[in-house]
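Participant: Quick mapping for you: the protein sequence lines, in order, are chains A and B.
Letter by letter, the first sequence follows residues 1 to 250 of this note's numbering.
Letter by letter, the second sequence follows residues 1 to 255 of this note's numbering.
Hints may be right or wrong, so weigh each one.
Unchecked claim - Covered stretches of chain B, going by a simulated chain A footprint (3 or more residues, C-beta under 8 Å): (1) 79-90; (2) 177-188.
Unchecked claim - A few chain B positions that, by computed beta-carbon distances, are all more than 10 Å from chain A: (3) Arg35; (4) Val60; (5) Ala75; (6) Leu99; (7) Thr138; (8) Thr150; (9) Gly203; (10) Arg224.
Quick caveat, the hints were computed from the structure, so don't treat them as lab data.
Even for Gly, the Cβ is constructed at its ideal location relative to N, Cα and C.
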Amino acid sequence: MNPTALVAEDEAPQRRELCRMLVSRWPELQIVAECPDGSSAIAALHTHRPTVAFLDIRMAGATGLEVARQACNMAHVVFTTAYEQHAIEAFEFDAVDYLLKPVTVERLDRTLQRLRTRLSEAPKDIGTVLEAIQQGFRSTRSADIPWITASLGNTIKLIATEDVLYFRADEGCTWVVTRLKKAIIRTPLKELLPGLNADVFWQIHRSVIVRVSAIRTVRRNELGRLEVTLHDSEETLPVSQAFQWRFRRM
Amino acid sequence: MHRLIGPGGPAFELLLWLPLVVASAWPVAGLWERRVEGRHQREIAVLQRHRQETNLKLLVLQAQIEPHFLFNTLASLRALLREDSTRAEAMVDALVQHLRAVLHVARTDSGASTLSDQLAICASYLEIMANRMEGRLTYGIDVPRPLLETPFPPLMLLTLVENAVKHGIEPRIGAGRICIEAERIVRTTDIAVAVRVIDNGVGLSRASGHGLGLRNVREQLALRYGDRAALSLVSSPEKGTTACIEIPLERFGLI
């Protein structure tokens, strides 16, 4: 039985070119599916059960990495990428097959040679590598979130974290307050906190995270409770017992 | 010593004058000090301006040709060379135009760029992307002629357009459209130009990783115009995103 292949690539000219090259360099290989996005690739994977899957990393619907997680028990996976340095290093380290775009005939021949010798074996388990790469993608994203996405009615607005004076939780939502405006987000404080720079934002109450540089004074109110006043805002914010240690040295 | 304070001696006279001389020199010294201080302040201002310019240059440099964009474009070209040499030719031309414009900005003083220059850079980028994505991307640019020669900082608009492709259209299954529009707007204290990049892509999400490019645009705007320029983004999930840059006009005498 001839080996079969799935090709997933979101840019049509590149997809056709890879298919053309495969046909000419490995005539026995039968291309059973050409997919323009990740979701159709996952569907085609289950329908056709190809021997080999060529997967672009960046695709709509599902990324090549996500498709590969579903594929790696049934098909030999070859990634294609123009420039995902982080992934490439991981592929090299774990001997995962990949092609750099634009794909050259020499490189393709080498990869196909390797594939031919391995066709009789079970596909290599690359689950751990994929997990590590995706972790890497996530971690470069979440560090110090520079923007907060706030919903205003049906629309979403980006608010620069640099503009935020404070966050205040209120009945299941969170108010984001800047010098000029107020918006509501659904993210609870405890999810926001890890993404904020701990030297710039302090939690001072169960329901309040404040920008340290926005604090004007710390005082005791008539009831003897500690509260802070802010620059650029009329609001005063409560400081709860648990967070008073922050102000001991001030 | 005794002789010095003896009456009538010239040295005595000098001593009498001394406090007067010192007293009259005080304001002069103060003036001198103030002059030095003034000079220092001017030097500090010059240094600060230099620093600001360096920061701006750095920010402009950071917004450069992405390797991902370049290699994917070349990969598409490789395909088109065989299939359709006329299209391949058009794509090479667009790529050359794009590279020239972007590299030119990086090497020269970027002060003189106009909205029309920036739209040309966006157009060459969109033309390349439309060719690569074949029918999945269409675009339009609709800017009133009188606004074309408005001074407009380099590569900011391109960042917004790149974001629209990367986070709006590419993740969308099926075809999408990007429009660039501009209008002159009257604000409470001045007149501004608002340039919008509108896409009908997937909309913003927390995970879309918009961070760096937009932060760069924001910092450049702040360095150039203080709080008189603004960057805003509004989005509806699955309907699209509109990014808008507002820049004050009247400082250029273009009211």
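Participant: Evaluate each hint against the coordinates.
Facilitator: So, going through the hints one by one against the coordinates:
1. Residues of the segment 79-90 of chain B with a Cβ under 8 Å from some Cβ of chain A number 4, which satisfies the need for three, so the listed coverage holds.
2. With 0 residues having a beta carbon nearer than 8 Å to a beta carbon of chain A, the segment 177-188 of chain B misses the requirement of three or more and the stated coverage is violated.
3. Consistency note on Arg35 of chain B: stated as away from chain A, and its beta-carbon is indeed over 10 Å from all of that chain's, at 35 Å minimum.
4. Non-interface status of Val60 of chain B relative to chain A is upheld: no Cβ of that chain comes within 10 Å, the nearest being about 19 Å off.
5. Remark: the non-interface label on Ala75 of chain B conflicts with the geometry, its nearest Cβ contact in chain A lying 4 Å away (cut-off 10 Å).
6. Every CB of chain A is more than 10 Å from the CB of Leu99 of chain B (nearest about 16 Å), matching its label as outside the interface.
7. The claim that Thr138 of chain B is not at the interface with chain A holds, since no C-beta of that chain comes within 10 Å of its own (minimum 15 Å).
8. With a least beta-carbon separation of about 25 Å from chain A, Thr150 of chain B lies farther than 10 Å from that chain, consistent with its non-interface assignment.
9. With a least beta-carbon separation of about 7 Å from chain A, Gly203 of chain B fails to lie farther than 10 Å from that chain, contradicting its non-interface assignment.
10. With a least beta-carbon separation of about 16 Å from chain A, Arg224 of chain B lies farther than 10 Å from that chain, consistent with its non-interface assignment.
Of the numbered hints given earlier, the model fails hints 2, 5 and 9; all others are met.
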